[in-house]
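These protein sequence lines are chains A and B, in that order. Mapping of the first sequence onto the numbering used here: residues 1 to 206, in sequence order. Mapping of the second sequence onto the numbering used here: residues 207 to 301, in sequence order.
FYI, nobody ran anything at the bench for these hints, they're computed from the structure. Be aware that one or more of the hints could be misleading.
[As the list claims (entries may be wrong)] According to the in silico footprint, chain A covers these stretches of chain B (three or more CB under 8 Å from chain A): (1) 214–228; (2) 247–258; (3) 287–300.
Backbone N, C-alpha and C fix where the C-beta goes; we use that ideal spot for every residue, glycine too.
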Amino acid sequence: METTANHHADLHRDDEASKIGMWLFIFTEILLFGGLFIVYSVYRFRNPVAFHIAHEELSITMGLINTIILLISSATVAISISAIQKNDKKMTLIMLGLTLLLALTFLVNKYFEWGAKFEHGMYPGSELMKMLSNGDMLFFSLYFFMTGLHGIHIIVGMILLAVSFFQVKSGKIHSTRFFLLENSGLYWHLVDLIWIFLFPLFYLIH
Amino acid sequence: MSEDKHHHIVEYKNHILVLLLLISLTVITVAITSVELGPYNTAAAMLIASIKVAIVLMYFMHLRFDQKIYRFMATIVILIFMAVIVVTFFDYLYR
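Just chain A, same shape as in the assembly (with noise of 0.2 Å):
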């Protein structure tokens, strides 16, 4: 191709293509997930009993202010799609701000929750976690190891929406070019579909 010192011609872009790209992308993590939450019902289904007994360690007032802000901050997620699309710069920044917080604030009671678990000797590889039964110890793994992943996840959002939060300010998204802003909307919907099931699955045990 020719290139030349000033030629206006605008850069390729297919944003619809590049759409599709972060769903195929979220479908693997459903997978991903999808296969943990089969590892996890089929332990249950083993060990009822344990799963029952170890549950209770789990607060689910916390669990369920967890599940709140998370729901939150996807609806501020959605709506500073909506507002990006109106060219409502302000409204767009606001929200995504908002949803940053909230998203650190899942990760400080992540942090006291895990804290707590830690300080009573119970964290992956302890020897109060080597002593326990094998259900028990099927439990915390995967409530250790769910969760963490789900964790890294939030991290990778919140980086994600971030990028995205300059890139308004900068004026790089705008009304008609917001692609990226929509795909990491879509990322961290993802994050908020996987606490979804987390929740009831690790919390809401009967």
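Following the hints, put chain B in place on chain A, whose structure we already have.
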């Protein structure tokens, strides 16, 4: 809705309504699992979680307003996942 618009814009109000619905469903789940329903507790919790996921997919993730191809792909993935669950549990239940 205008035809030339590439994207459907959802009103802020609708996002708030969806959020309130999701929070209500969450509270209902906690309430249901705190009463004794035997094996139906888990079934009810999973049913409500599935409804919540469907609402997030359709409204927050725009599947309802986007082109059909996205809904089609998402449905296939969910069906594959459900098939794996069914096969796994047939194995463990009738082993």
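Okay, the hints, checked on the actual structure:
1. 214–228: With 9 residues closer than 8 Å to chain A, the stretch 214–228 of chain B meets the three-residue bar; holds.
2. 247–258: holds (count 7)
3. 287–300: This one holds; 6 residues, not fewer than the three required, reach chain A with a Cβ under 8 Å.
The structure agrees with every numbered hint stated previously.
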